[in-house]
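Undergrad: Respectively, the protein sequence lines represent chains A and B.
The numbering used here applies: residue 26 is where the first sequence begins, and numbers increase by one.
The numbering used here applies: residue 26 is where the second sequence begins, and numbers increase by one.
There may be inaccurate statements among the hints.
Since copy identity is lost for identical chains, a pair holds within one copy or between any two.
To be verified - Listed next, the in silico DSS-like pairs over lysine-lysine satisfying Cα-Cα at most 25 Å (straight line):
#, residue 1, residue 2
1, K315, K45
2, K170, K52
3, K172, K52
4, K350, K315
5, K45, K172
6, K170, K51
No wet-lab data here; the hints were simulated from the structure.
Here the structure is a predicted model, which means the values were calculated and not measured.
There are 2 protein chains.
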Amino acid sequence: MMEMNSQSQEKSYMASIPSKLHEFIKKIKKIGEEDPRRIIHSTKVGLALTLVSFFYYFRPLYDGFGQAGMWAILTVVVVFEFTVGGTLSKSINRGCATLLAGALGVGAEYLAGVCGEKGEPVVLGLMVFSLAAVSTFARFFPNVKRKYDYGVLIFILTFSLVAVSGYRVGQILELAHQRLSTILIGGATCMIISIFVCPVWAGRDLHFLVAGNIEKLAAFLQGFGGELLACGGDESSKDSSGKNVEKSFLNGYKSVLNSKATEESLANFAWWEPPHGKFKFNHPWKQYSKIGALTRECACLIESLNTNTNSKPLTPSPASEFSAKIRQPCVEMSTESGKALAEIAAAIKKMRRPPPSAEAHVQSAKSAADRLRSVLQNSSLPPKPDLQEVAPLLVAASVLIDVIRCADGIAAAVGELAREAGFEGLKTNEAAAAAVHRRGIVSPVDDGDHVVVEIQAAAADSPEKKIIST
Amino acid sequence: MMEMNSQSQEKSYMASIPSKLHEFIKKIKKIGEEDPRRIIHSTKVGLALTLVSFFYYFRPLYDGFGQAGMWAILTVVVVFEFTVGGTLSKSINRGCATLLAGALGVGAEYLAGVCGEKGEPVVLGLMVFSLAAVSTFARFFPNVKRKYDYGVLIFILTFSLVAVSGYRVGQILELAHQRLSTILIGGATCMIISIFVCPVWAGRDLHFLVAGNIEKLAAFLQGFGGELLACGGDESSKDSSGKNVEKSFLNGYKSVLNSKATEESLANFAWWEPPHGKFKFNHPWKQYSKIGALTRECACLIESLNTNTNSKPLTPSPASEFSAKIRQPCVEMSTESGKALAEIAAAIKKMRRPPPSAEAHVQSAKSAADRLRSVLQNSSLPPKPDLQEVAPLLVAASVLIDVIRCADGIAAAVGELAREAGFEGLKTNEAAAAAVHRRGIVSPVDDGDHVVVEIQAAAADSPEKKIIST
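Work out the full structure, taking the sequences as your base and the hints as a guide.
TA: Take a look at the structure:
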């Protein structure tokens with residue numbers, strides 16, 4: 026009996042090894058699939074390191090640089106980052122810091138030499154101590170921390186090495202020349218490979234991260250509008266949104282709340298990058314932080330909207346006349362502000378100015394809010410209203426009003442970004458279509474070469490037809 | 026005229042230098058005052074570096090270790106972090122990775138040697154490439170990134186150096202021995218100084234960060250309750266809270282929203298730290314992340330509460346009878362949940378179990394919420410209610426109900442933390458005092474050796490006196 030038990034245990038143990046291996050492979054696959062650039066990056070690092078090893082390996086170079094070739098390998102391993110901006114920031118920091126600290130180290134060496142044999146170690150020790158302490162303190166300055174943290178580290182390192190080692194080696198200038206050239210070789214290899222072989226631009230990532238976050242908010246708001254409508258007891262909408270619609274949008278916004286750290290580091294790296302693609306020199310990277318902050322504020326409001334909805338269901342039935350009166354503008358506020366954000370996100374992704382229709386959606390959300398206000402002011406309540414039933418809706422309405430204000434802020438900030446970065450507006454015919462879309466109900470009919478647009482203008486009695494050539 | 030102008034410009038320029046210097050000094054002072062441990066840390070780094078320089082500097086040691094002494098300096102500069110956990114994590118990572126990669130490097134060397142003179146560079150190149158690529162990819166695993174990122178970096182570095190350099194130097198084992206001992210010296214110096222000279226424990230920082238965040242929420246809620254009361258048109262409360270009370274509490278919670286990154290890195294570092302102070306071995310650091318997440322959720326609710334209040338003033342006057350009926354429970358909900366959080370934060374800071382009175386405050390907040398619900402269900406509205414006036418209050422009430430649920434969650438999570446970490450409960454007489462406090466109105470009178478407590482029990486007719494020895 027015992028034996029069987031232990032046998033079966035062994036079996037299950039043996040069986041669990043392949044299953045664990047399978048799980049591990051699945052995990053690797055998932056990480057690779059999440060962002061295939063990770064695989065490319067790993068290959069790039071291997072490539073750079075192999076290339077630089079040759080500087081150390083082959084005899085002619087070895088004779089030239091000696092042990093210093095090691096510094097090329099060290100530089101590549103430490104400096105190569107996932108994004109171009111990260112690599113550039115570290116390379117440039119390392120290069121400049123080594124140069125500056127080397128020069129200072131030689132100066133310290135000279136000064137200590139003047140003090141005689143007994144004074145030298147004391148002077149050198151004092152200098153190393155004070156420089157290390159002051160530089161370490163400098164790393165606490167927010168500005169230094171953001172951009173030059175690595176440079177200060179290398180500064181301390183190089184100064185100490187030069188100041189202390191120079192005493193022994195003597196040929197300090199030759200050593201410095203060797204070390205600088207190898208570091209340069211390492212740094213240049215990294216920079217060239219990271220810029221020219223499938224580059225990962227931090228700026229581009231930041232751009233699409235911000236746009237993606239706005240998109241997530243938009244998805245929530247549009248989905249929430251649908252939910253509200255379904256709660257209203259409208260059977261036809263229940264069919265389409267009750268079961269079929271995926272509810273993942275209800276959680277998508279959560280990642281927005283914690284996006285600050287990623288956004289900040291990307292913005293810091295983007296600062297170091299040369300112009301690339303549609304991102305010109307002096308691209309307003311700071312504006313992204315502003316948009317990001319507004320996005321997170323909006324996500325916070327959405328979080329409380331979601332909490333409110335989850336804890337107090339929006340009373341699907343029986344819907345009183347009064348709650349229907351409130352629900353309708355709420356649906357519109359949510360859907361319209363969602364549409365506005367979706368168009369803004371799409372515009373950012375295409376590096377265009379936000380289309381006028383986005384502004385139109387914000388406006389209609391605002392007018393829905395105004396309508397809601399007048400409903401609240403003027404409608405008479407039923408003789409004994411169940412405030413418990415109406416309250417969650419009122420709360421949703423109030424938060425939505427704040428969301429609209431936030432969306433308006435995002436639209437303004439994105440507009441500013443587009444102006445500062447010189448994004449193009451819509452092409453003329455697109456703009457015309459957008460303007461037309463705003464004026465009334467439009468049913469576009471595509472008949473091959475032309476798009477026939479039927480406009481049922483608000484003021485006009487008869488529908489007019491416009492032909493916009495495509 | 027021109028001359029005067031340029032003179033005055035020069036003057037203002039000259040004058041601006043001292044003012045800029047003054048500003049700079051003020052900035053330094055501010056950074057130092059914000060956290061005086063920064064100054065101590067800088068001194069510690071200087072000290073460690075000076076100590077280690079001697080290994081490189083003095084002849085007997087120089088003869089023993091040669092150029093390898095450089096690695097001790099390098100290790101100190103790169104490994105010394107602000108917190109003990111950070112230093113330990115980097116030192117241990119560096120040590121283990123160097124050992125492992127060194128051994129693998131020697132193996133690679135041997136394997137390449139077998140392949141003949143022509144095959145050797147190809148085999149070494151391939152091995153460096155594949156190891157670097159695989160290790161770089163491993164850094165994208167969340168678990169590896171969190172704890173072993175630096176170790177993997179050093180692993181790649183050491184392996185490449187040993188594999189490539191071994192070809193030249195020949196005496197690879199001696200080199201490895203030298204390098205390992207110097208790295209050990211550097212790492213040990215850092216660890217000893219960071220643990221024994223004014224240590225900065227990441228765990229302790231995390232503990233107080235989490236407690237401080239809860240405290241900030243408590244300050245807001247208590248302040249918000251006061252504000253609500255003042256809006257109710259109660260003149261006596263207006264006097265005390267209208268002008269004198271600082272409104273900084275209204276913004277204190279904002280830093281909570283962005284505390285995730287700091288919290289995470291502190292929790293990662295805390296994992297490496299040995300038992301210290303009241304933090305025992307196996308302290309439940311993970312629980313802090315749980316509490317932190319709940320705190321941020323609560324901060325989000327508070328943010329929307331604040332947005333709501335700022336955009337729609339809570340109608341100070343004329344207060345209708347109905348809005349007064351809603352306001353009273355709201356004030357209580359806010360103040361009581363604030364008090365509960367304040368007591369929980371204080372308990373965390375003292376490393377005690379949350380006192381029963383915290384639970385009592387949560388309960389009275391909950392009963393206020395219940396009262397509000399019955400008000401909403403049963404009270405008849407005035408014939409034509411101005412919903413616009415009541416709506417912001419209803420919103421505040423609804424969000425506050427969610428806040429209470431959140432506070433309840435925080436209380437439970439902190440209770441779990443206290444249980445897992447083995448925090449002590451209150452001492453018996455304190456517990457008695459707390460219980461008494463809960464039962465009725467208590468006026469403590471201190472008469473020297475004893476604290477006389479007058480209890481006006483809710484049920485009892487005559488006030489009873491209890492003497493609690495202190």
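Undergrad: Compare the structure with each hint and give your call.
TA: Going through the hints against the structure:
no.	hint	in the structure
1	K315 to K45	neither (45 Å within a copy, 28 Å between copies)
2	K170 to K52	between (34 Å within a copy, 15 Å between copies)
3	K172 to K52	between (34 Å within a copy, 18 Å between copies)
4	K350 to K315	neither (36 Å within a copy, 41 Å between copies)
5	K45 to K172	between (42 Å within a copy, 22 Å between copies)
6	K170 to K51	between (38 Å within a copy, 18 Å between copies)
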